[in-house]
Structures are given as structure tokens and as C-alpha cells.
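Enquirer: Let chain F serve as the given structure and place chains H, G and W with the ligands on it in line with the hints.
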Amino acid sequence: MEDKEIQNESIIDRKIGLELLHKMILIRRFEEKSAEMYTKEKIRGFLHLCIGEEAVAVGVMESLTEADNIMSTYREHGHALARGVDPGSIMAEMYGKQEGCSKGRGGSMHLFDTKKRFYGGNAIVGGHLPMAVGMALASKKQRQDHITCCFFGEGAIAEGEFHESMNLAALWKVPLLFLCENNLYGMGTALRYSHSVQEVEKKGAAYGVESAAVNGMDVLEVKKAAKKAIGYIRKTGKPYFLVCNTYRFRAHSMFDAELYREKSEVEAWKERDPIPTLRTKLLKDGLITKDDIDTIEKKVKAEVQDAVDFAEKGTFESVQDLTKFIYSNQR
Amino acid sequence: MEDKEIQNESIIDRKIGLELLHKMILIRRFEEKSAEMYTKEKIRGFLHLCIGEEAVAVGVMESLTEADNIMSTYREHGHALARGVDPGSIMAEMYGKQEGCSKGRGGSMHLFDTKKRFYGGNAIVGGHLPMAVGMALASKKQRQDHITCCFFGEGAIAEGEFHESMNLAALWKVPLLFLCENNLYGMGTALRYSHSVQEVEKKGAAYGVESAAVNGMDVLEVKKAAKKAIGYIRKTGKPYFLVCNTYRFRAHSMFDAELYREKSEVEAWKERDPIPTLRTKLLKDGLITKDDIDTIEKKVKAEVQDAVDFAEKGTFESVQDLTKFIYSNQR
Amino acid sequence: MTDTKTVKITYREALKQGLREALINNQKVFLMGEDVGRYGGAFAVSKGFLQEFGTDRIMDVPLSESGFVGAGIGAALGGMRPIVEVMTVNFSLLALDQIINNAATLLHMSGGQINVPVVIRMNSGIGNQLAAQHSHSWEPFYAHVPGLKVLSVGTHEDARGMLATALEFLDPVIIFEYTSLLNIESEIPFDAGAMDIDKAKVRRQGKDLSIITYGPGVYKALAAAEELMLSGIDVEVIDLRVLNPIDNTTIMNSVIKTHRVLIVEEAWRSVSVSSEIISRIMEGAFFDLDVPVRRLCGIEVPIPYAKHLEDASIPQKEDIVESVHNMMQHD
Amino acid sequence: MTDTKTVKITYREALKQGLREALINNQKVFLMGEDVGRYGGAFAVSKGFLQEFGTDRIMDVPLSESGFVGAGIGAALGGMRPIVEVMTVNFSLLALDQIINNAATLLHMSGGQINVPVVIRMNSGIGNQLAAQHSHSWEPFYAHVPGLKVLSVGTHEDARGMLATALEFLDPVIIFEYTSLLNIESEIPFDAGAMDIDKAKVRRQGKDLSIITYGPGVYKALAAAEELMLSGIDVEVIDLRVLNPIDNTTIMNSVIKTHRVLIVEEAWRSVSVSSEIISRIMEGAFFDLDVPVRRLCGIEVPIPYAKHLEDASIPQKEDIVESVHNMMQHD
Ligand SMILES: Cc1ncc(C[n+]2csc(CCOP(=O)(O)OP(=O)(O)O)c2C)c(N)n1
Ligand SMILES: Cc1ncc(C[n+]2csc(CCOP(=O)(O)OP(=O)(O)O)c2C)c(N)n1
Ligand SMILES: [Mg+2]
Ligand SMILES: [Mg+2]
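Protein chains in written order, with our numbering: chain F, 31 to 361; chain H, 31 to 361; chain G, 11 to 341; chain W, 11 to 341.
What the simulated footprint calls covered on chain W by chain G, stretch by stretch (three residues with Cβ under 8 Å from a Cβ of chain G suffice, anywhere in the stretch; the number is not a length):
no., stretch
1, 152-166
2, 309-315
Ranges of calculated distance between the beta carbons of each label pair, as one might list FRET restraints:
no., chain 1, residue 1, chain 2, residue 2, range
3, G, His335, W, Gln339, 39 to 45 Å
4, W, Val17, H, Val349, 37 to 43 Å
5, H, Lys257, G, Thr65, 29 to 35 Å
Quick caveat, the hints were computed from the structure, so don't treat them as lab data. Glycine included, every Cβ here is placed at the ideal spot set by N, Cα and C.
Pulled out of the complex, with its shape left as it was, chain F reads as follows (with noise of 0.2 Å):
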């Protein structure tokens, strides 16, 4: 334990505590801003918040390059945000606008970037893993070397490409990050009714993926870990497979009475709310005051503000063109 801290300071200094915190906070202000405008109805469909799970987006993102390929689910703003796609294109798109990073067509649950590499914003649980495969491969053969990192959560380990995906990573040798975000719950089904064996981490030997757990709630461990793992696959070429345990404070999406778990776990979790984690090391090690944490709420509150700004002013596109991107009609 004390060992562990040992290491975690040295991957971190006062900027890159006020970085990851700032992210964190972006992340969970912006998230609570979007369920306050869906009640407003401002935003519609499925929404899913990933509130309590930022450490996991932060520190993985945080170790990849420019050049990475990023592969997210539905429940993908924390992803989007942490690799630095604009927040008001992301509000804009959860407000239909042609503003938005999919301009209004994906929705919460569909965001695309293509400058930022960021991949959506995939709503079939599983179904990106083949082609996050599939980007590695590309990458493998014209030697690129960029790695992809794939999201995904413990429930779509259970779905036929998880494995598919695996096999095939494993037996092509592409560079690809397969991360797990290990909520303990796939809507409203606990990892126990969901896999026979639920130290999931250990369905990557089945595979010859290396393969490792780590403590998603605290950012430092994850950054650690997604370093670890990066840092393999860059060097060796092949898939490394790591878990995030972590939790969602929040229902699955707007739409969830939470009649599967109980209160007190949800509370026994928020005990471990990454930011406060983060925060409290911070101070407790000097290398912020309680003045930067007010700095960085204001900062955020403007950010979260400039979003909704954004996507209020947003525009919708017209009805004429309902009909464009179903063929590119280029050649």
C-alpha cells in the first residue's frame, strides 16, 4: 500500500493533479448539467451518465497519445470529454443541433470526432470491439504505431464478441486496449447474474491477453495501470486486456427505477467518490490549496455554462435534408 503510493507520487506534480482533477470535475458538472436539461427536455432519448466512473475515463485518457484511436459506448461523454472534444459540441449534439460533433443526428449516445480519433458513441453493446479490432489491425498493417482503446462495460464481456474480438486481437497480435469499465451492473443485472466468474479480469488468459484489475474509483491507480498497459502494447504490439472496478452513482439512464440494488450500496461506493479521493491526496500532499479547487469549480461552472450557451444558440438543421450521410456519394 505504502509502496503503491510511493509510486503514484512519482507520476504525479501539482500540474498533473490539477489537470486530472479539473477533468474529473469537467466531466461530472457537465454530466449533472445534462440530466438537469433532460428534465428541462432540452435533451431527449437515452441518456446515460457515467457520475462516480470519471477516474476511469480520466486516467486512461490521460496516457494515450493524439494518435490513438478511441472506442466508447453509449455512456461515452466522460470518454469524449476527457479526450478534449469540445464540451459545447457535445451538449449541442445531446440538444439535436447541427452544432453538435455528430451534428444532431447521434444524440447522448452517439458521439463521433473524428479530429480528436474518437470513434463514437456505439449503442449495441459489444458490437464496436470487432471493429476496434479491426482499427489495430489497419494500424498493424501499414505500421503505424498508434495503439486503439476500446470501452466497454462488464456487461458486453457476457455478448459472443467479446470473445470473437479477443480471439482475434490475441491470434493477430494488434495493438489494441481492450477497457473494461466494471460497474458491477449491466442495467439492472449485478455481475453475479451475468458471469460465472466474476473476476472478469481472468478471462483474458483464456485468450493469452495479459490481462489485469485495478481500483477505478482512484485516478492515480488507473493512470498507472492504463500507463502499464499502454506502455506493453506499444512495446509488444498486442492486446492487453484491463478492468476498471468501478461504480455508477447514478440509474443506468433517465429511465430506471434502481429496484436492483440496494441505497446503502450506492452510498457505501459514493464513500469512495474518485474526486474527493483525488482532491483530499492532493491537499492532504500540498500540492494544491482549497483556492485552486474553487479556481477550477468556477472554471468548469463557466465551461458547463459555455455548453449549454452553445447549444441553445445551436440551430436545427433543416427537414430538407433529412436524407443526407446515408451514402457519401463520393468515390
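Expert: Frame of chain F, contents of chains H, G and W with the ligands only:
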């Protein structure tokens, strides 16, 4: 090794030895005749022979009861014969006659005989595994004490259905024997090109499913392993994954130039032919005589000839009946 | 309906009553699907069932559509009476091989030996801004496949009664239920129960023009008909109900009566149920037509998230009214 | 074709030349699929390619259709130009989620940011007694989905040239090739190459009746036309070639000219490409019809193994001739 042989003795006597030998020879000669009838264009479509793999069919089937359910692949003549499906009805099926076990609608790949609880004859690789889980689940729900045995090739393990089925079977604790015939090739694709981990029995651990591999060229070893597996299933109600390592001596199907493997490899495996292996052992142990073998061969010859005669004498269904069996028209 | 005592319930409640009755009436019936138990059903249709019927009858399943749908099919083979819920029709693509190659085919392939009495329910439809991956209308796919009975639940009566009759069939039945109708209230007979599942139904008698539709089109067409009546146009509304096999008689009787047909369907236009209805009218009632049959279908675009674009991508009441006016002017 | 120098080749050879050319012309092109390499291709189309192009360009893949088709899609996103072979169309159901929810949808869902330049080839058709699970005609499914370009290779010229053009498209292209044509020889221009993939083609000019067909129907229709000519009936034969999006102009021009239409299709009748063609004629050329359009389609039955039943389940030349005679008598 010695220990093993001693155990083998204990499960074999003259009667059983003759029976095992008879069944393996029946399968071998029946399939040789099928190949002949294919070249004579009596049989068409895809024909997949299991020559070389007879020990698996016979060793496993021997250990099941009449109440147990069987599901198999398109390479299922051996399983059907070992199960006791009438050879005439199989040959007639391949002739496309209405006296066939599937009325000529199925052909070689789709042998069915519900009286024998033989549920196909399934030609989508891996596609029957989920159904096998369901049959086992039905037994469990109805508190029946029979099990389901599902045959598949090692190629099927790469399909998502294998993964989903193993997880479901383990999670629901259903009495299902996953019986993998690992003949080292899926069509022309060698094991090493289809699985990142080639000791496929290791995949059981990812689901907490008890697993084992056995020499599939020795019917006595198969029988012992199957007995153990089936005993475990009956006792615990839980699934078991048994891999029988074997080899097909013939081409994948009748359309296969066998470009993907060396003749010498095939020859080497033929040295381990399960029929001579058992024959030699029984002779050596003094359980049978050369005359016994002649008797078996003669008997089998007659059985196969009867099957052919039956098929030849069979009749074609009227074209008027084409649209039968689409709906059962029953409530 | 004015004669008999009626009760006002939501479509959700109607579905729920039908389902509950099925579980009570037959101990072989069980419900399996993602989040049908602890979560209470993704759309709260099975809320409270787990408590009432227990985990043996109400089975939460892992995310593995091919696996659990296949297991449902297998359980049907094994003597149970499974009702499989695919959370939404979108995910049924993952199980399509099981549904087509196994459920729809086994009766035929086995020469009539095997029945597959499985009921597969799927929530469907467009209209909640769920975007491209969650807004498919796969009725045309299922309507294409012989061996499947395909039902589309467009009214509260059918929501209440179709399941009971489906459970009397020995063949696989696919039931489309519609998310957009769940909260809508309507009157149904106090003692509503099992409904025929063979025939289309004239939901409104009319003499000027026939609107043929199904699913969410039914109430839209009825509303349009009311409005059109104000202009003196008397529209007949036919609810197809059974999309496979399609009931020709009801259609032809209506064409012969009104000589004008408009088809309304949410699914994409090309190769749709509409196409099939038009073809049957071409074949069976060509000389009875006063004007060419027209159709209002889903615009051929992956359904966009933004509300105004989503609305524009499926036929609305106003579109129906306008089309009918157009067709009537063509005299 | 009599003017230019021609060469006589089989359909297989034509496919092979097209494929080989594609591999030579563009280093980003690679072929992936089950048994395309060491086996030489299930239908010997890629025989020798592994030796010529190496394992990087000719990739044998494990049995995992969802996985490797998805990987092909991902590789396209990643900058490669994959040609994915699904061994036969039957297995494409396992990859349908990838093809529809990813390949066909990403361009739209991302607001036009992402192109998916993947070509997916599938061997198809009925006629080799492969029975129900290996005899699907899934053209209607793919023709229903916007975002896909769907080609049906009914002639040797198209076998030679369609792939080259498909590889110029930035959108996903599905190519249906037909097993029953592989060994058939025909003349093609000596310098045959890239063909347009936008338009239907009049394969035979005629004035009395139009046969509209695709795939294996083309040569059957041409043969029927020759025979009908002997009775003085001059039939026009239209090869649709592109099943999605369908070329209306060529169809309408022919209807306006002949006033009589017969559609010939091997796929099951209900909700088929034929249904769609009939609908378009109803909508676009109703008043030009002398007699109702008719169609000869696959009988709605899982295709049986027995030869006589299989033959009876799809339209044959004789059926075409008979139908045309019937339609001509109806004057
Ligand atoms: C193939 C498929 N099946 C079902 C769903 C419905 N669904 C959406 S999210 C979800 C739970 C996924 O759980 P997990 O993978 O653990 O991710 P989490 O939501 O916990 O982040 C389900 C069942 C879906 N979108 N796709
Ligand atoms: C889903 C699917 N993909 C591809 C095929 C074509 N195919 C038939 S058998 C086979 C190889 C299967 O290998 P394995 O599972 O090892 O069984 P074996 O033939 O060796 O007994 C292939 C690729 C198929 N029938 N089903
Ligand atoms: Mg989860
Ligand atoms: Mg094999």
C-alpha cells in the same frame, strides 16, 4: 501410463470390447460406402466424413443413457450410428428419400431422430450450442435427471456462441456436456490459425467450467473420460467441457483438395487409427480372436449393404408435398 | 364494444396482464430476457413478476442475445414453453441466426419431427429519439421468413390477448410490441382474452379508401380517418396484425369494396411489408383498383436523433390525411 | 460483343481475375475470410493467392463471422481497403448486426464524418442440395437497408468487373456471387474491367414482355427468351444488378415499352426484391400495364435437400417459359 491401462482394463471385457469394435467398424464402413455413393452421385450436397474420429462418437455415446439428449454437427454420421439411429434411415436420408430419418429434407448434414433423442445434424458452426444449453435447462426445470451432450469441432470454439453458451450453462448450472472434437482443422484452417490459445480445454476456466482433454484416438480413453465427465454432470448438475483430440483422415468434405496439410501428417495420424488400436489391444489382451474380427466385418458389411438396399428401395416424396413441415398446423 | 363492459388500461398494462395470465395458466411457461426480473423489465412490463413467480419462472439473462434466444429455442425443444424477451428488436439481429436457422427451420429440416414452440417478444418502433441503432423496424425481415408466425400488436386488445393464442401454437411466434404505445390508454372489454392470430382486422369500416397498416400505424390511421370524415371521406382501416403468413382475404375484400388503397408503415420503404401488400393487390385485385396503390413508409435513412428529423422520417397522421386527400382528388 | 475480341472463361475465373487485379492495384486492399488462404477459398476463387500475395494480404480468419466482418469494417475506418469474404451468405446472419448497425449506419450517425469503405463478398444461391441452413437467398434483407450498396453478380462481365468499381466507393458494398454459376463458361470482352455499379442492364432487347431478374435468374431468363422467340414472343430481359439502391429508370423504360412484366427471383416470395419491383411499377407505371405484373419466386419453404424438391422450390427455365405464355394469352 500403466496406471491408466489398469483402469482401462477395468472398464473393458469381451462383450464391451466387441461392441465398441463393432460400432467403430460400422461407422468406418458406412462412411466408406457413403463416399462411394457420393462418387456415384447417389448422395449429393455436402458430405462430411468422420473417418479417423470414430473413437470419439463411440466412446462418448457408450456412456450416455437413452434418456439423454444429443446434438451434433454436420459431421454427424458417426454420432448418429453410435447412438443407434438406423443405418438404413441414414443412408436413405442421404439419398433424399422419404424413408430417410429426416424424410429426405435434411440430407447428410441434418440427421434427426427424436425417438433416439438425436437432435441433429446442425450445419451452422456453433449454432446448436445455445440450443443445447436450453435443452439442458429444460431438463433442469422439469427435474429430469438426464443430460444433454453437444458435439462440436474445435473451429466452433472461435464463434461467439461457444462463449455465450459456456457462460450461460455455467451460470445456470445446467447438465450439459460440451463435447469438442478437436481434429486440428476447421476446413483448411489449422488450430494455430484459429485460436490464440491452442490447448482449447483451457478455455473452460474462463467460465469456471470443469474441463479436460483426452486422447480421442483411443476409444477406451474416451470412454473413461466421458464416463468421468458424465458422472460429474449427473452428480453436480453442472456443465463439463471435454476435448477429444483426434484427426480426420479424409478431406473436410467432398470438395477439398487438402492443400493445407501435408500427406505425411495424415499418414502419421493414421498410425494412431482408433480401430486397429482397439483391435490390437483386444487381441493382445486375449479378449477377442481374429475370427471375431472377421465376424464383425462380415456383419457390418451386411448392415451397410442393408442400408444401401433400403435407401435404393426408398421412394421420393411427391413434389406436391413440397410445402409440408413449414408450419405444423397444430395447436 | 359499447355493448359489453369495458375497462380502461394502458397498452403496457394490457401486455402485463396477458403475460401474467400466461405465467399463471401454464407452469411450463417461463419468461427469460435481459432485465425482465430485478430491473422490472426495461419497459416495466414485467414489474413485480420476479417477486410473484420467482427466479425459476422469471429469468434475468446476461447480455448474449444469440445465446439466450438459442437457449429459449432449446428449452422449447426440451418440453418447456419459453417466452423469450429480446429487450428491443434492434438487438434481435444478434439472434437472427438462431431464430431463422434454428427456430424457423427445425420442423422442416427434421422432416416434421421437431416442433419449436417458442414465443419471442420484442419491443419495437420509432419515436423516442433513440437514434439509428435503437430505432429499427425489422418487421419486414421477419415477415420474409417461412416457418415464423409474426404478430404486430397495434391495439390494446391485441396487447391483452395475442400472447395467449401464441402460446397455443407449436411453431415459433415472433411478437412485435411498440414502445410508443406503452403509456397510451384505451378501453378494452372487461373480459378480454385470447384473440385469433390468423386474420387481419377491419378496425374501421369505410367505403371510400382502405388504409392498410399495422403496429403504431393503426391508431394513427384511425385518427386520420376521424379527421377525414370531417371532409366527408369515409376511410376503412385494416390492421394487418399477422405479418407472416399474411391474410389475403381481408385485404382483397377491402380493395374490392373501396377500390383505393393507401399503405402506412414505419419500416423503410424498399422491400417492406408494404411492398408485399402492393404485390398481392397487383396479383389479386389489379382490375379492382381505381388508382394505383400508394404507400407511406419510413424514409430510407438511419433514424436520426433530432426530434424534428425523427418525426420527419416516419409517416405522421398529417401525412396520412394529406395522402388520402390526394388520392381522392385523382378521380 | 461481336466487334471486340472476347475470351471464354468461367464465372469463377472472372471473379478471380477481378480479385487479383484489385490486390495488385492497391496495396491497401487485402482479402480476409474463412479459408481464403491455405484452403484456396471454399470455392477455389482465391486459389494460389496466398502464395502470390502473402499472409498479410490474404488472411485466413477463424470461424467468427461477427468478429471478422466487424474487424473488416474497423480496418476500413482505419484507412485500409478490406475485402471481406463471408464464405456463404447463410453465415452472414451472424454478422448482420455489424453490417447494419455499424457499416451501414456510421456515416449517418457521425453526421457525415466517417466513411466505411468495406467490400463484403458472399457466395450465394440455391441448387447444390445444401439444404435449409445453406441455401438462403438474403438479397431481400440487404436490399432493405439504406446505407448499403448491394450488388448481384448475374453475369461473367459483372463477375469480372464489379469489384473494381465497388472498391472506388467510400460506402459499404455487399456483393452477392453465385455458387451455381461458378463453373459456367461464357465469353467476355478481352479487356473486360471495371463496370458501372449504378444501373440495371437490358441483357436482351425485346418488345413483348419484360422479364426483370437478377443473379442466377439472368441466364435462366435469357435461355427462356431464346425458347420463347421460337414461338414468336420477343422478351426483354433486365438484369437488376444493383439491388440497393434500385435503378428505377431502366425498369420504367422497359415497362413503358413492353407493357407486360414478369419478375423472376430465387428468394422467397413474400417481402422480396420482386415485391419491391412490383410496388415501384404500381407507383410509377400503373397505367402502362396491359396485364398485372407477375412474379416467379422461391417457394416459401426452408430449402429441402432432395434434388426434386429443391428444383421445385426455385423458378426454372420451364416455369419462366410457361408463365410468359400465360401472360401473353391474357391479351
Ligand atoms: C446488444 C445489446 N443488448 C442490449 C442492449 C440494452 N442495454 C443497453 S446498456 C445495457 C447494459 C450494459 O451493461 P454494461 O456493458 O455493463 O455497461 P454499463 O451500462 O454498465 O456501462 C443493456 C442491457 C444493448 N444496447 N445492446
Ligand atoms: C457459421 C458458419 N461459418 C462457416 C461455415 C462453413 N464451415 C462448415 S464446417 C467449417 C469448419 C468447422 O470446423 P470445426 O468446428 O473444427 O469442425 P470439423 O469440420 O473439423 O469437424 C466451416 C468453416 C459454417 N457451416 N457455419
Ligand atoms: Mg456495467
Ligand atoms: Mg475441426
